[in-house]
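This is what each chain is made of:
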Amino acid sequence: MADRDRRNLIAYRIAQELKDGDVVNLGIGLPTLVCAFIPPGIDITLQSENGFIGLGPPPAKGEEDPEIVNAGGQPVTILPGGAFFDSAESFAIIRGGHVDVTVLGALEVDAYGNLASWMVPGKMVPGMGGAMDLVVGAKKVIVATLHTTRTGESKLRRECQLPLTAANQVDLVVTDMGVFQVNNGSMILLEKNPEFSVEQIRAATEAPLEISTQLKDMEIPA
Amino acid sequence: MADRDRRNLIAYRIAQELKDGDVVNLGIGLPTLVCAFIPPGIDITLQSENGFIGLGPPPAKGEEDPEIVNAGGQPVTILPGGAFFDSAESFAIIRGGHVDVTVLGALEVDAYGNLASWMVPGKMVPGMGGAMDLVVGAKKVIVATLHTTRTGESKLRRECQLPLTAANQVDLVVTDMGVFQVNNGSMILLEKNPEFSVEQIRAATEAPLEISTQLKDMEIPA
Amino acid sequence: MAKIVSVKEAAAKITSGSSVMIGGFMTCGTPVGLVRELVKTGVGDLTVIANDTGVQGDGIGMLITADAVTHLIASHIGTNPETGKKKIEGTISVELVPQGTLVERIRCGGAGLGGFLTPTGVGTVVAEGKQHITLDGQTYLLEEPLKADFALIKAWKADRKGNLIYQKSARNFNPIMAMAAETVIVEVEEIVEVGEIDPDHVMTPHFFVDFIVKGGEIDG
Amino acid sequence: MAKIVSVKEAAAKITSGSSVMIGGFMTCGTPVGLVRELVKTGVGDLTVIANDTGVQGDGIGMLITADAVTHLIASHIGTNPETGKKKIEGTISVELVPQGTLVERIRCGGAGLGGFLTPTGVGTVVAEGKQHITLDGQTYLLEEPLKADFALIKAWKADRKGNLIYQKSARNFNPIMAMAAETVIVEVEEIVEVGEIDPDHVMTPHFFVDFIVKGGEIDG
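The listed protein sequences derive, respectively, from chains A, B, C and D.
Using numbering that gives the first Met the number 0, the letters of the first sequence map in sequence onto residues 0 to 221.
Using numbering that gives the first Met the number 0, the letters of the second sequence map in sequence onto residues 0 to 221.
Using numbering that gives the first Met the number 0, the letters of the third sequence map in sequence onto residues 0 to 219.
Using numbering that gives the first Met the number 0, the letters of the fourth sequence map in sequence onto residues 0 to 219.
Hints listed in this document are in silico derivations from the structure and should not be mistaken for laboratory results.
Be aware that one or more of the hints could be misleading.
[As the list claims (entries may be wrong)] Selected chain D positions facing chain C (in silico; Cβ < 8 Å):
#: 1; residue: S18
#: 2; residue: Q55
#: 3; residue: G56
#: 4; residue: K86
#: 5; residue: E88
#: 6; residue: T90
#: 7; residue: G111
#: 8; residue: G113
#: 9; residue: F115
#: 10; residue: L116
#: 11; residue: V121
#: 12; residue: G136
#: 13; residue: Y139
#: 14; residue: E143
Computed from a prediction, not measured in an experiment: that's the story for all the values here.
Glycine included, every Cβ here is placed at the ideal spot set by N, Cα and C.
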């Protein structure tokens with residue numbers, strides 16, 4: 000599977016988790032792709048932690064408004080019915096449990112629902128931005144990540160080694176190999192990419208793995 | 000002095016304490032009279048704790064807007080340059096020290112700057128409303144009160160007997176007998192109503208009294 | 000996405016024994032139509048969280064008269080003598096909270112915070128039984144969040160999604176309460192189409208609002 | 000009452016060694032004209048409190064390039080590699096704070112609160128050295144207020160008194176910082192007469208603002 004297809008597979012699958020009326024915060028990078036796959040008839044409100052709801056698609060070239068940017072600082076648009084607010088209200092919304100789903104990437108995620116996503120000591124310390132509040136505050140935390148690092152190591156760890164973004168908050172992990180439910184010390188494989196066998200997935204996963212009795216194949220986006 | 004003149008004397012004197020640019024909160028009743036005596040050329044912004052600045056005079060009969068009321072629920076107006084906000088912001092303003100002066104009445108005020116203004120156990124428990132926040136938060140707390148109760152007891156006490164609104168917060172007490180600075184265990188008489196002798200004032204004051212070496216007469220409003 | 004319902008449907012959602020935040024300051028900004036209808040349902044044993052209880056027979060005062068409230072959290076009850084009378088009789092228990100602390104506790108509940116430290120109330124009866132924390136020589140009370148099953152609020156305008164605008168001093172507790180209750184019902188004067196409200200003017204974003212009721216008049 | 004001054008006069012008020020809050024999110028809502036002028040003054044040893052340090056050479060990044068900042072409190076520095084470089088070299092000390100905690104600490108400072116309890120950061124390095132308080136079985140960190148000598152903020156419109164309106168996502172930290180600094184300087188695109196702004200649309204009431212600077216353009 001090409002890198003692009005693997006990313007789309009993850010984004011497509013996560014989009015199926017969203018319910019009509021959900022308020023959703025999508026992290027920068029891979030999670031942003033989820034927008035493209037939201038099923039028809041499902042009305043989702045995207046929250047941008049820098050201060051608005053109703054985040055719309057990027058503007059046409061030349062129509063950028065420098066005062067409408069997403070949490071990555073990129074020009075975006077606001078949809079009808081959207082609303083701007085200040086950062087204190089934005090994080091009151093986030094921490095207060097008013098965001099139904101947050102989707103974000105990971106450096107590591109473990110079998111206890113711990114997430115590491117914001118620093119590699121001695122190497123990269125960009126800062127946590129709004130991630131710590133999002134992961135603690137959102138009702139449902141979904142991690143969107145490729146299953147392994149570029150060097151082939153599992154990102155689904157027994158226990159995170161990197162500094163945490165938050166402890167025990169992750170509900171679901173969606174990778175290019177499968178869909179995993181965090182289960183207090185193990186990860187339950189709910190769905191798998193039909194390209195891989197359970198054995199291949201087990202070999203690529205450091206976290207203790209359980210296999211759902213209802214294991215099924217992930218749907219591949221058209 | 001008629002009751003009305005005594006109240007005007009107090010209000011007039013307090014108005015002289017206000018400085019150009021001050022944000023001021025005036026309590027219900029006697030403190031409200033202060034408005035009428037603000038010296039010309041002094042621009043004061045009145046804050047109403049139910050949610051706005053720029054409180055103006057009562058509207059003409061028939062022109063009341065039920066959505067513009069003061070903290071006593073009475074119809075008022077808003078002046079040009081005023082602004083509405085919610086109650087959380089209103090009390091952020093108050094507690095955060097952004098109100099320069101608060102003027103409020105008292106059941107008792109004592110030589111330690113303690114104020115009792117919100118309840119008489121077993122008799123009257125209206126609640127503190129915004130008074131506790133105002134007295135703690137305002138930069139300067141001025142008590143406006145008649146010197147004695149209807150039965151002739153001193154309201155300027157050695158120590159308050161009634162439940163407190165706040166401890167050690169009162170800066171200045173203005174009564175119909177004089178102007179008193181709170182001084183950690185005593186009250187310093189700064190100015191006196193020329194109708195009374197120092198001895199008369201001392202006799203009417205339970206709090207330990209010191210007399211300022213610069214004692215002068217209060218100015219009587221025209 | 001908020002749902003537009005009749006005042007009857009809205010009031011029927013509140014069950015006896017519920018906790019209910021009600022916006023307004025002495026009836027200004029109180030959803031009077033909702034409160035009136037709520038009284039008609041005969042609901043009882045309510046815990047009401049509000050700045051005050053309006054005046055006798057109006058605003059939240061209607062619920063007091065109807066004996067629908069058994070517990071009240073408020074900053075002021077002096078404008079409605081009936082509340083004081085029922086407090087003394089023992090039919091209503093009243094927790095008096097400084098106004099700034101009350102609204103901040105509600106904000107705290109809505110904002111997912113566990114509490115806050117305030118200098119307000121230190122050295123008064125309000126401090127009794129509360130944890131005191133001293134930082135940099137200043138003593139504060141630890142105040143805890145307030146949440147409720149329902150918030151009944153009043154706005155000026157809603158769009159069909161539920162984005163709200165309040166007007167003038169009727170804003171007061173309303174936008175804060177909208178964040179702190181499980182189910183939020185708003186009474187508005189006007190409902191407009193989605194897109195008619197400038198996103199910079201929205202005071203309560205739509206997802207906080209569950210039900211919209213079109214009220215008849217300004218009840219000041 | 001705010002005073003209208005030139006950008007030069009405004010920038011000259013900030014002295015070396017000051018703490019300065021600066022609004023904006025990756026230059027959106029940053030008072031770029033003020034920051035540019037501040038760099039020209041040659042001021043140094045600043046403690047900057049801001050969400051981020053913009054990008055290299057723009058927004059707050061200009062102060063980083065100029066070595067004007069010795070201490071930084073921010074939630075994110077990843078968009079300006081120069082900040083990370085100077086952090087590693089040891090010329091800037093950086094305190095990273097979760098964005099929600101950062102803005103709430105600023106609000107806390109402006110609102111006269113002594114601190115707040117947040118679940119954010121529990122079990123992470125952010126919790127190190129902080130007081131933990133458990134209420135109803137949930138553990139929180141006690142976070143303390145932030146204040147500053149100056150706040151440099153960006154608004155869309157001011158009236159001559161200093162009432163402010165922000166626009167779109169350029170609002171972000173600006174209204175919160177306006178409450179938490181000793182001296183508040185705002186850069187605006189437009190100055191209008193008193194009375195031209197609807198009191199319901201004011202986002203920062205005038206008394207928070209000390210100086211108004213008319214900026215040239217939208218610096219996005």
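* Asked: Hint numbers the structure violates, sorted upward?
  -> 1, 2, 3, 4, 5, 6, 11, 12
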